[in-house]
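My request is simple: use the sequences and hints to build the entire structure.
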Amino acid sequence: MVVTSLDNIEAVRVAALAELESIETLEGLERWRVSHVGRNGDLTKLLRGLGSLDPESRREMGAAGNRVKALFEERLSVKEEVLKRALLYASVDDSIDVTLPGWPIPGGRLHPTTRMVRDLCGAFVSMGFQIMEGPEVEWDRYNFEALNIPRDHPARDMWNTLWVNYADEREGRPMLLRTHTSPMQARIMEKTSPPIRVVVPGKCYRYEATDATHEWHFVQIEGLAVDRGITFSDLKGTLYEFARRTFGEERRVRFRCDYFPFVEPGVDMSVDCFACDGGGCRVCSNTGWIEILGAGMVHPRVLEGVGYDPSIYTGFAFGLGVERIAMLKHGIEDIRSFYSNDVRFLQQT
Amino acid sequence: MLVPLSWLKEYVPVDIPTAELAHRLTMAGVEVGGIKETGAEWDPGKVVVGEVVKVEPHPNADRLTLPTVDLGGEAVTVVCGAPNVAAGQKIAFAREGARLFSARSGRIEPLRAANIRGVKSAGMVCSALELGIGDDHHGILVLDEDAAPGMPLVHHLGDAVLDVDVTPNRPDCLSVLGVAHEVAALTGLRAAEPELDYPEEGDPIEDQVSVEIADPHLCPRYAASVIAGVRVEPSPRWLQEALEKVGQRPISNIVDVTNYVMLEYGQPLHAFDVEKLKGARVVVRPARQGEALAMLDGETRELSPPMLTIADAHDAVALAGVMGGSETAVSDGTANILIESANFDPVNTRRTARALRLGTEASYRFERGIRAELAPRALRRATRLMLEVAGGRASKGIVDSYPGRRAAPTARVTQRRMKQVLGVDFGSEKVESTLASLGFEPAGDSKGDGAQGWDLRMHPPYWRSDIAIEEDLIEEVARIVGYDAVPTTTLSTPIPHPQPRPREDMREELRDALAAAGMYETISYPLTSLKTLTDSEALAGAPDPLRVANPMSANMQLLRTSLRGSMLETLASNLRVSTGKGLRLFEIGRVYLPPKEESEERGLPEEREVVVGAVTGPRYDLTWLADSGDMDFFDAKGMVEAALRRLRLSAAYEPEAAQPFMQPGKAAAVSCNGKAVGLVGEVGLEVLERFDLGGRRVAMFELDLESLHRAAPDQSYGYRAIGRFPESERDVALIVDSGVASAHVQAIIDRHKLVKSSIPFDIYAGEGVPAGKKSLAFRVTYQSDRGTLTAEQIDRAQAGILRQLSSKLGAAIRM
Ligand SMILES: [Zn+2]
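Going down the list, the protein sequences come from chains A and B.
Counting in numbering that gives the first Met the number 0, the first sequence runs from 0 upward without gaps.
Counting in numbering that gives the first Met the number 0, the second sequence runs from 0 upward without gaps.
Where hints are given, some of them may not hold.
Listed below are the simulated SDA-like cross-link pairs for lysine to any residue, each with C-alpha atoms no more than 25 Å apart in a straight line [stated by the list, open to error]:
1. LYS190/A - PRO497/B
2. LYS202/A - ASP504/B
3. LYS418/B - PRO299/A
4. LYS418/B - SER192/A
5. LYS429/B - SER310/A
6. LYS580/B - GLY106/A
7. LYS773/B - ALA811/B
8. LYS580/B - GLN346/A
9. LYS202/A - LEU704/B
10. LYS665/B - ASP761/B
11. LYS190/A - LYS595/B
12. LYS580/B - LEU99/A
13. LYS190/A - ASP504/B
14. LYS595/B - GLU132/A
15. LYS418/B - PRO194/A
16. LYS202/A - ARG607/B
17. LYS190/A - PRO495/B
18. LYS202/A - ASP511/B
19. LYS418/B - SER310/A
Keep in mind the hints are simulated off the structure, nothing from the lab.
Set out below in structure tokens:
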């Protein structure tokens, strides 16, 4: 009969754990269990021997013996898992080279313009604007005249126009490919009454040679908000918020006076240059600023033209170039990348 | 418009840094697109003012001289080839190492020490070309008397030229004076007006010339003076320099003054040789039909009414507001001149210039609508300057015929409106002082702060033609005070009720579905050519496409009626750069069809949105896993099925052999709820050849969005509980005639009320199957909503289905 002592308990612990390491079968593991924590196992015997000790030693050694027992049980169950799993895969040898590529699942992409339009419109939608669309083939009346750009007005030079070969006895050749999304201003106001708060994405066309920064075919987003009490301050606030959401908190925004015949006062909004943070570089023609959009308070003549009383209703309008913003955001230098539809361009995220 | 700072300073003593000035102008709407600094490249230590002390002949060369130049205490001798060098001149001197333009190399190069024909040259006396300020390199540049020897040249001649992008509403800023007025308002300075008076020592103007205006609408005002006994010769240096700085070539003193004053005031002027005006008459009249005019650019043009001419007693002598005639032009021998300073109708001027494709500095200004008040001022200014540079005696008095006179314009701005438009009221004092700084003058009947708030009435200054309504004044104030001073607020007006957009929602869902199916979205040009439309079989049975009146190129003449052609072109261009990869592309875009009769907008084309998709090449990118084969009809159809499933649409596919675009046996018409919505198939071999895709297999689909939308009017999606009772699957293999479509077999199976779904999973013909027959195997899923189906119930159902198949299609069970 071995006397129960701390040394004995420790000796059993060390020997049993060393033995456990080398066990490779479930049968061996069972034998180990029986010989240590089984009815006649060495640890069991030591614990049984506690009864002969004085109370203080019994408490002390009982605690030590039970700690070792718990440890043995835990190790036993872990070892059992390991052995069972080894057994499960022992019979099959079909390991693979996990470094080989998987199936090349084709992944599609939306066109960068589509994604940009969604992002930009989304910023306005969250401010209560609704999305509307309109015709690309337009009447001169909507594209120009309703926007306070009469025939023979020099401002027409701002929009080189592609005309549709369609003759009209009264008006000559009044059909064109819209040069901007602004004709939708009059169309929307003619059809509805205030309050109006819309954005209109769509293709526009100009008679223009294509180069790295000019496309004859591009996408604009028009915005229009008309109601009682809409002010230039609201225009600034709305566009400022748009810029913050689109370009981030850290971009600074600048509003300066500009001229568009269908607004008064007119504005263009710039953000500080992404490339140089406003210090001046090639991207921003050394100004530190990049023009993002044109805007202004809807000209009273435009409101009158659609039957709104400009002494009651005021509003603002804006127009922004989608590709231009995408180019700035993504650092794309050549606008021709968008519509040459090269998959190598389209497949990028 | 180029504005030299030195010229600007003649009117307004601006002293803020040029960059700051440019910034303020830009913010106020007068955008400075660039600043060109002259003399920035002249090294102050190496390019200096010199005075020619004496000029001695070169011992070894007749054409060369040896001027000695005083550089402010230091005297150097150089070798010079210029014929005009003379003692007493102030000149620009460059030392060795100075970087100058070399006419020989065409580049800027450092000046090297030279030994010319045996004499060492200590540097160079510069021409305008070498300094980069003019074209002249035959003679040296002679400086003004007041230049101090030794002074860096940049201090004497250096300048900055502002390149101002003038918007169409601001013809006043097409002049240095106009920009000076802006600068004055933006810097708190006052702009000085040019000197206009001159001695009137000649004969009374009435005795020398008569002016008649035939149409006051086309010519509201005509002012003229006559100077007798001028000398036509090159302009003095200051005038040539001023013109060169703004990119104009000096011609002669008379012409140069007309150009100078045009740039100064924005008022075009013209000088005639009075002797050549027949009858000493000026008649402003519309051209006669077919009237010919030989013009200053050497061209003779045929005119027609209502083009406006300046005529003498017989013939047109100038095209009003556009260009003078060559007959009456000032030439070297001219002694007596008539100076014209007139106002012409903007619209007629623009139409004339456009009809003749003859845009000039003059027509550019007139078509923007300059004020008639400029005419007499610019006339007096030009007369004064011509007397100064060309001598002569000015007529007593001027002609100032003003039949188109209108009352001085008044504009009004109120506190109420300013708050309504801007959202802020700057206060009457600020508003009035800001407008005054721009040259506006009170119109008298203004009201101060009363119950209605302040109410100001102002006369715009004589140079501004763009002020008409209250908003114009509001903008004037806001742009000068600065848009930054306007508060930033968020919209507080009610948000309009949202309108549902089911069609667009569906389109976007379709877009997402096709991208999710592995396709890249493309966007192509909607203009195309007849060839592309014909080659893609898009014209057969389709309406004639609309045509562009002024196409930019031959392949962009027509508005497309189909997206097929551009899709095939996109495929081909991609395959030219990457041949080995599979391509899956789609586009959602508009086609332009002749207007429908019932459309609310008669005349405008119907813009219909269509979806086109194309697949070609290997199903998977190259992979070690398998050779997956090339995509075909079923890949394209799989895309369509995936997309329509996403739209909660079920479609039927019927063989379509008549479509010339697709291969006869490999095309299907797609319909939803009995309505045709599109086409899917493999593209015809001859079509592929035409698009440089010969030898490939290309499968495409076309869907019409409007038809899809009509087929699925209810776009709201929903969920239903799944059946409570278990499903049972049974396979059935059938032998049918090889011509029987699997969809027909499946339709009969699916008709049984206990069949939940069925899928064809095996098709086989060959050994074990009689000739002319095929084996079709279906997995059929049975389910009832009344209870768990027993084996007997399923057997009975399957037997019933087989009886149907047998009687309708002659199908037999395959054992
Ligand atoms: Zn920059």
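Now for the hints, and whether the structure bears them out:
1. LYS190/A - PRO497/B: 15 Å, holds
2. LYS202/A - ASP504/B: Holds - the C-alpha atoms of ASP504/B and LYS202/A are around 18 Å apart, at most 25 Å.
3. LYS418/B - PRO299/A: 15 Å, holds
4. LYS418/B - SER192/A: 23 Å, holds
5. LYS429/B - SER310/A: 24 Å, holds
6. LYS580/B - GLY106/A: 13 Å, holds
7. LYS773/B - ALA811/B: 11 Å, holds
8. LYS580/B - GLN346/A: Holds. LYS580/B to GLN346/A sits at ~13 Å (cutoff 25 Å).
9. LYS202/A - LEU704/B: This hinted pair holds, its Cα atoms lying about 18 Å apart.
10. LYS665/B - ASP761/B: Distance ~19 Å between LYS665/B and ASP761/B Cα, so the pair holds.
11. LYS190/A - LYS595/B: This hinted pair holds, its Cα atoms lying about 20 Å apart.
12. LYS580/B - LEU99/A: The hint holds at about 20 Å.
13. LYS190/A - ASP504/B: 22 Å, holds
14. LYS595/B - GLU132/A: 19 Å, holds
15. LYS418/B - PRO194/A: 19 Å, holds
16. LYS202/A - ARG607/B: OK: LYS202/A and ARG607/B at ~14 Å, within 25 Å.
17. LYS190/A - PRO495/B: 14 Å, holds
18. LYS202/A - ASP511/B: 20 Å, holds
19. LYS418/B - SER310/A: 12 Å, holds
Violation of the numbered hints given earlier is absent; every hint is satisfied by the structure.
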